[in-house]
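Asks: Listed below, chain by chain, are the residues.
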Amino acid sequence: MKPATPFRWTLLAAAAALLLTACGKQESTDATAAAQNGTPAATAADPLARGRYLVKAADCAACHTAAEGAPFAGGVKLESPFGIFYGSNITPDKEYGIGRWSADEFYRALHDGVAPDKHLYPAMPYTSYRQLSRIDSDAMYAFLMAQPPVNLASPAHDLKFPYNLRFGMMFWNIPFLKNTLPDASSGQSAAWLRGRYLANALGHCAECHTPRAFTGQLDDAKPLTGAALQRIGAPDITPQGLAARGWSAADLQAFLASGVAPQGSAFGEMFPVVHLSTQYLTKEDLSAISTYLLGDQAPAPQALASINADAAQQAAGRKIYLAVCAGCHSANGEGKPHVAVAMQANSTLRQADPRNLIVAILDGIAAQDFPGLESMQAMPGFSGQLSDEELAQLANYLRATQGGQAADVTAETVKKLR
Amino acid sequence: MTNSANSLSGIATQPLSLTINGKPSGPTQVPEELMMIDFLHEYLDLTGSRLGCGQGVCRACVVILDKADGSSEEVRTCITGAHFFDGKKIRTIEGHAKRNEQGEIVELSLVQQKFLEHFSFQCGYCTPGFVNAATILIEKLKRQPITHDQVEAVINEGLGDHICRCTGYVRYFEAVKDVVMNTPGLVKDAK
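Protein chains in written order, with the working numbering: chain V, 8 to 425; chain A, 149 to 339.
It should be emphasised that the hints constitute simulated quantities derived from the structure, not laboratory data.
Certain hints may be false.
Stated by the list, open to error - Derived lysine-lysine pairs resembling PhoX-like cross-links, with alpha carbons at most 25 Å apart:
1. A:K215 to V:K326
2. A:K246 to A:K325
3. V:K423 to V:K167
4. V:K326 to A:K237
5. A:K237 to A:K288
6. V:K84 to V:K167
7. V:K422 to A:K215
8. V:K326 to A:K236
9. V:K84 to V:K125
10. V:K326 to V:K423
11. A:K325 to A:K290
12. A:K236 to A:K325
Generate coordinates for the entire structure from the input sequences, incorporating the hints supplied.
Replies: Here it is as structure tokens:
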């Protein structure tokens, strides 16, 4: 690392900040407030600390670092209804990375979705990153430019027609690229504002948790109400949705910090979010995210509703539960520490949509190591062991007894998810 | 005992019938929540299946489940309820060797014999699981022979989930390879 480079960027960042302040733009006010709150400041000892923290908070690695790949060298596969996207190489390699980009060009990519040589697809969440302050963009740029370059081409996207026509993004951006994202909660405290910046601009929660309309744009009328872009759906994380599944601010913070809460553990696409991003955030920032998600006046977490369900169906479901689930989740659903999560009031069981519960039982969940010494062992999939009817009975037993949800899963529902 | 949920000192029980090592067992009143490993150990005195991790990882506890279509699979008895096996056919480690009328062992199965010849195990705790896994594999190859170049990968796939803490993997694998290569009909292009 050349000592001159980060220093130069720090200067540049400061200059950019001044410039923005001089322009008197609205976003710089938010950004400055945000910047002063919770993000570790760059110090002489580690001038890149701020950029590193922001790159973690923005979870760049989720798409730009492959499981077995070099950091930020790209290659992560993202399947979508439009085809397959691959995360690009964002190391400072001059041939395949962003080594020739200026800080202005980097900001333009985050803010407008336009790279020096092409329009980006919104699989790169510039619809969210657009709200990043220029100071933060520059700090992230400085950090990325200080990483080892990797001379490796990113795989080409494999998209369906007409989505493979990049110039189309110009027209998509006109109606759909907006300066702000709608809020699902209300608040005005400093924590709520900081949380909004973290959740919307950096964490880009909405990209998975807000449903998408016809051409893949976020549906502004339903912010954070949940969506199923991939096999495992992103649940409703509005204040009402979270409270209905028993989440308190403290539990949310524990979940984001450790991946595990009384309501269950992070799985599916949320696991890498915790693994690569949220576990590294400061307590203050996690508290701010919880405040933003639940609002300044957080609704009280709801107790389990009692459900009347067909006794014979429930008995059949319980029999299956005792046969193949209770060994790890225990007979009464309290779970086993470091082995399997509790079923009692589990957040996935409390979702009205049974999709995630059914998919988890069908496919299983790989073993996961969480921060510290926490881990959950592999859950086997039961697609080969349980019929559609049996799986529906099991899901209904769990929903009614542990999730407070109607026992309305049918064999047909299961069949569609196989 | 015809009630569906009899009470045994306050514990709900259900009748359980199954076929173990070719012989019918039950109906026995068994607690609803009992795991299969405990049923084998405590009710039937079949103590050869080993309780290792107790959470489905080590596979020392597996038994062979024989399915109606003639295929078999291993099932982890430490995390599978006893009543899962109601009406089913299973084999445990006690069922592999040939016995005389007094129940004394007169001949080991080929897999067991080869494990001895290759000094495959040291403490032997994991061995019942490995015997069951290897037996399932050999029987599968009798139905669906493989080619020579697939042998090592198939053995790895068949035994790979089993954990052995004495690091005996290599000799287990060598023993199974010996059986595979020297049993006619398992490998299509064997020399």
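Asks: Determine for every hint whether it applies to the structure shown.
Replies: Hints and how they fare:
The hinted pair formed by K215 of chain A and K326 of chain V meets the criterion: a straight-line CA distance of about 20 Å does not exceed 25 Å. For the suggested pair K246 of chain A and K325 of chain A, the alpha carbons sit about 23 Å apart, so the restraint of at most 25 Å is met. Proposed proximity of K423 of chain V and K167 of chain V is supported: the alpha carbons are some 23 Å apart, at most 25 Å. A C-alpha spacing of about 19 Å is found between K326 of chain V and K237 of chain A, which places the hinted pair at or below 25 Å, so the restraint holds.
For the proposed pair K237 of chain A and K288 of chain A, the alpha carbon gap of about 17 Å is at most 25 Å, so the pair holds. About 15 Å separates the Cα atoms of K84 of chain V and K167 of chain V, which keeps this hinted pair within 25 Å; it holds. In summary, the hint linking K422 of chain V to K215 of chain A is supported, as the alpha carbons are separated by about 23 Å, within the 25 Å threshold. With a C-alpha separation of about 15 Å, the suggested pairing of K326 of chain V with K236 of chain A holds against the 25 Å cut-off.
For the hint linking K84 of chain V to K125 of chain V, the alpha-carbon distance of about 20 Å falls within 25 Å, and the restraint holds. The straight-line distance between the Cα atoms of K326 of chain V and K423 of chain V is roughly 24 Å, inside the 25 Å bound, and the hint therefore holds. Pair hint K325 of chain A plus K290 of chain A holds up; C-alpha atoms about 14 Å apart against a cutoff of 25 Å. For the suggested pair K236 of chain A and K325 of chain A, the alpha carbons sit about 30 Å apart, so the restraint of at most 25 Å is broken.
The structure does not agree with numbered hint 12 stated previously, though it agrees with all others.
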